[in-house]
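Enquirer: Residue numbers (numbering that gives the first Met the number 0), protein chains in the order written: chain A, 0 to 260; chain X, 0 to 294.
Treat the hints loosely; a few may be bogus.
[Stated by the list, open to error] A short list of chain X residues far from chain A (calculated; beta carbon distances all over 12 Å):
| hint | residue |
| --- | --- |
| 1 | Y44 |
| 2 | L46 |
| 3 | R141 |
| 4 | I208 |
| 5 | L210 |
| 6 | P215 |
| 7 | Q222 |
| 8 | S242 |
| 9 | V278 |
| 10 | R289 |
[Said to hold, decoys possible] 25 Å max Cα-Cα, derived DSS-like pairs, lysine-lysine:
| hint | chain 1 | residue 1 | chain 2 | residue 2 |
| --- | --- | --- | --- | --- |
| 11 | X | K284 | A | K105 |
| 12 | A | K38 | X | K189 |
| 13 | X | K189 | A | K105 |
Bear in mind the hints are in silico, worked out from the structure with no lab data behind them.
Glycine residues also receive a C-beta, built at the ideal position from the N, C-alpha and C atoms.
These are the residues of each chain, in order.
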Amino acid sequence: MAPRLRAVKEHSAERALVSPADPLAAPATAASVRGLSRKFGDRTVLHGVDLDIAHGEFIALIGRSGSGKSTLLRALAGLDREVTGRLSAAGPVSVAFQEPRLVPWKRVLANVALGLRAADPEATARTALGEVGLAERASAWPATLSGGEAQRASLARALVRDPRLLLLDEPFSSLDALTRITMHRLVLNLWIRHRPAVLLVTHDVDEALALADRVLVLGEGRITHSSLITVPRPRDRDHPDLVALRLRLLTELGVPAGETD
Amino acid sequence: MPDTANADLVARDQAGLTAAALSSGTVGRAPARSPARRRRNRSWYRLISPVVVVVLWQAASSTGILPASKLVSPASIAHTAYTLVVTNSPTYGTLQESLLVSCGRWAVGFAIGIVVAVLLAVVTGLSRIGEAAADPILQALRSVPLLGLIPLFIVWFGIGELPKVLFVMLSALFPMYLNTFAGIRGVDSKLGELGHVLGLRRSEMIRHIVLPGALPQALTGLQLSVVASMLALVVGEQINATSGLGFMITQAQQFLNNSVIMVALIVYAILGLLANGAVRLLQRKALAWRRDFGQ
């Protein structure tokens with residue numbers, strides 16, 4: 000897949016676009032967002048968001064429902080043509096959706112190999128399935144997979160394209176707590192091995208704290224908070240830094256201390 | 000007329016025929032192959048009521064309660080069928096020859112109808128321009144009662160094979176077109192997004208996402224097309240036919256031979272059951288990915 004460099008069309012004259020002459024020729028970032036806005040009718044969901052994602056950086060984007068976090072992810076995935084502003088990505092972008100979106104009439108292996116431009120798509124897909132521990136389910140129909148297996152297949156399909164930016168849209172939200180923990184470990188292992196930049200959209204503060212290098216809070220269509228997490232992984236959720244940050248993030252999200260836990 | 004012992008034998012043959020046809024019709028609904036014994040038991044029970052009906056029918060005919068001028072007995076129908084197969088009468092020809100002619104008409108009309116329907120549905124389903132161009136015409140045509148077209152068809156295409164095949168074709172076309180079109184439009188847009196994210200080319204999107212996604216409803220359309228085109232065959236064949244099952248029926252009507260008419264109708268029924276069974280088999284094979292179709 001060719002590196003993508005995209006300028007999004009100007010939607011209306013109301014908005015002044017940021018410096019159009021900025022070439023981003025040698026992308027120092029895995030992805031870059033400038034002045035990204037999106038309106039649904041009269042409602043403005045994104046208000047000129049600026050975001051840089053460094054190569055190999057793991058970012059968690061949290062926010063209340065309706066805060067526009069999925070809208071931002073969809074814009075980065077190239078699924079939203081109505082956004083205004085500038086978007087660029089340094090290389091292939093892959094997405095794992097909230098529902099695994101496996102094509103029901105293709106067996107697991109064919110799902111992973113779908114649209115794959117490799118010399119031997121099947122062998123490449125088989126390797127990817129092995130990495131997520133799903134090798135023995137290669138010839139299963141998606142309908143016969145458990146929720147966790149389906150998400151692992153979806154992860155394999157996203158990773159097999161060797162993305163420079165991996166977009167994860169609440170991929171673990173519908174899994175049970177135990178499966179979620181296993182999936183967190185799997186994602187971290189895969190991330191360490193392949194080192195794509197990751198943008199994880201989630202509403203789960205603990206998930207963000209367990210995984211990310213940087214946590215961003217999206218509110219009112221803007222990024223209202225950004226924290227770096229330097230605690231080494233695997234992380235103990237009771238680490239004092241994480242406890243403090245959890246309170247901070249919950250307050251940012253408008254949940255007063257003491258309301259959770 | 001055969002004697003009573005013979006009549007019983009023939010009646011049992013007749014029942015066997017009905018039973019075979021019935022069980023072939025239920026193949027699609029049978030769940031799995033593993034509990035074979037239970038399934039066989041259940042289909043066996045299903046045979047009781049048709050057999051009882053045929054036996055009562057035969058009894059009513061044999062005792063004279065049911066006059067042969069109104070409804071001939073199962074035994075006499077079987078006898079007629081046998082005679083039609085083994086003798087080439089100048090009035091009716093042979094049954095197998097008529098069957099071949101009718102099947103040919105149906106197969107050609109049906110095949111053309113289905114191919115045209117799928118092509119049209121792909122064009123209108125995939126492009127808004129195609130939809131705007133073709134769909135209004137097809138919607139208008141489909142609301143025309145096809146049976147009402149027969150007089151016009153005779154004026155336009157005469158009384159040869161062409162109007163009969165066209166009639167079958169049009170009857171097969173509309174259910175298939177409407178369902179395939181709806182199937183294409185009903186494909187989950189989330190899978191379309193997925194295809195976009197995976198960088199599928201347009202042709203790959205159609206091959207891997209759109210057409211397989213439309214298949215379940217297209218196969219429902221196919222089933223409806225089988226029924227509609229069979230009906231069209233029965234009606235269309237009786238217009239000035241010089242061969243085929245329809246010709247047999249019109250000849251029999253002139254000679255007041257109810258028995259031949261019954262034989263032709265039963266053959267139509269068997270054809271319908273076989274075609275329906277074939278579609279169900281196709282559904283089972285093609286939709287194996289659905290959980291409700293089982294392993």
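Enquirer: A separate judgement is required for each hint: does it hold in the structure or not?
Expert: Against the structure, the hints come out as follows:
1. X/Y44, annotated as away from the interface, keeps every beta carbon of chain A farther than 12 Å; the closest lies near 32 Å.
2. With a cut of 12 Å on Cβ distances, X/L46 stays outside the contact zone with chain A, its closest approach being about 34 Å.
3. For X/R141, the shortest C-beta to C-beta distance to chain A comes to about 29 Å, beyond the 12 Å cut-off, and the non-interface label holds.
4. Not every CB of chain A lies more than 12 Å from the CB of X/I208, the least distance being 7 Å, so the non-interface label is violated.
5. With a least CB separation of 10 Å from chain A, X/L210 falls inside the 12 Å interface cut-off, contrary to its annotation.
6. Some Cβ of chain A comes within 12 Å of the Cβ of X/P215; the nearest lies about 9 Å off, and the non-interface call is violated.
7. Distance to chain A confirms X/Q222 as a non-interface residue, since its nearest Cβ pair spans about 19 Å, more than 12 Å.
8. Every CB of chain A lies more than 12 Å from the CB of X/S242, the least distance being 43 Å, so the non-interface label holds.
9. Against chain A, the non-interface label of X/V278 holds: every CB pair exceeds 12 Å, the least being about 18 Å.
10. The beta carbon of X/R289 is not kept farther than 12 Å from every beta carbon of chain A, the shortest such distance being approximately 7 Å.
11. Annotation: proposed proximity of X/K284 to A/K105 holds, straight-line Cα distance about 14 Å (limit 25 Å).
12. Of the supplied pair hints, the one linking A/K38 and X/K189 holds, its CA atoms being roughly 21 Å apart against a limit of 25 Å.
13. A distance of roughly 15 Å separates the Cα atoms of X/K189 and A/K105; the hinted pair therefore holds under the 25 Å criterion.
The earlier numbered hints that this structure contradicts are 4, 5, 6 and 10.
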